[in-house]
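Asks: Model the placement of chain Y on the given structure of chain S, informed by the hints.
Top to bottom, those sequences are chains S and Y.
Sequential numbering from 1 applies to the first sequence in the working numbering.
Sequential numbering from 1 applies to the second sequence in the working numbering.
Hints listed in this document are in silico derivations from the structure and should not be mistaken for laboratory results.
Take these hints with a grain of salt, some might be off.
[Said to hold, decoys possible] Stretches of chain S that chain Y covers, calculated by requiring three or more beta carbons in the stretch to come under 8 Å of a beta carbon on chain Y:
| # | region |
| --- | --- |
| 1 | 10–18 |
| 2 | 65–74 |
[Claimed, not checked] A short, non-exhaustive set of chain S residues, derived as facing chain Y with CB atoms under 10 Å:
| # | residue |
| --- | --- |
| 3 | Q41 |
| 4 | C92 |
| 5 | V114 |
Cβ coordinates follow ideal geometry from the N, Cα and C atoms, glycine included.
Listed below, chain by chain, are the residues.
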Amino acid sequence: GAGVSQTPSNKVTEKGKYVELRCDPISGHTALYWYRQSLGQGPEFLIYFQGTGAADDSGLPNDRFFAVRPEGSVSTLKIQRTERGDSAVYLCASSLFGGAAGELFFGEGSRLTVL
Amino acid sequence: DAKTTQPTSMDCAEGRAANLPCNHSTISGNEYVYWYRQIHSQGPQYIIHGLKNNETNEMASLIITEDRKSSTLILPHATLRDTAVYYCIVRVAKNYGQNFVFGPGTRLSVLP
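Chain S extracted, bound-state conformation (with noise of 0.2 Å):
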């Protein structure tokens, strides 16, 4: 596709289990973000890939959350023992450049719902 796609776009776990989120980027782009998003709050960043490397995981929340991208491409959010302070919506972007001016693509998300 053309845009930046998002799998599942909906996930519903219970508490204590593990999950994994897909994010598909725009073909080319070296620069891949994750963010979450809590209801009527501004997306909030966890982690920034420049190719295979995480360039900055300075807004993971804790260990239980982690992010690999090990072809420099598709990306997968991993989150262990969910709590149900996880539930939100995960975004991921991508940007072509990721310096100067690139701007970011985002997708349209996967809705967390930990009960």
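Replies: Relative to chain S, chain Y alone:
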């Protein structure tokens, strides 16, 4: 890191210009001002960005004051589809990475 301040909400009549203000009084000389918007249940959408000169594209105009401490996003002829949350962001660069820090934004309601 520079912070931005925006009004919580604004109304605009359909067909009129919507002027959305943003204060960024601590902006650094090499930081850009970006605007994004988010329509309900969608991901944020890029609108425009600028450094110090005014910018215009097919979606909007961006007016940045000479001292760069504030800016205004202008939607020249607002339509109902422009109802969204508008985010003013000052880009922060950290080493080789960067992140866009979103605040709560301005909720624009375009009224018929």
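Asks: Look at each hint and say if it fits the structure.
Replies: Hints and how they fare:
Requiring three or more residues with a Cβ within less than 8 Å of a Cβ of chain Y, the coverage given for the region 10–18 of chain S is violated, as only 0 such residues are present. Interface restraint, the region 65–74 of chain S with chain Y: violated (0 residues with C-beta to C-beta distance below 8 Å; minimum three). Interface restraint check for Q41 of chain S: the shortest CB-CB distance to chain Y comes to about 6 Å, inside 10 Å, so the restraint holds. Given hint, C92 of chain S at the interface with chain Y, holds; its Cβ is 8 Å from that chain's nearest Cβ, closer than 10 Å.
A cut of 10 Å between beta carbons decides the hint on V114 of chain S: the least distance to chain Y is about 20 Å, and the hint is violated.
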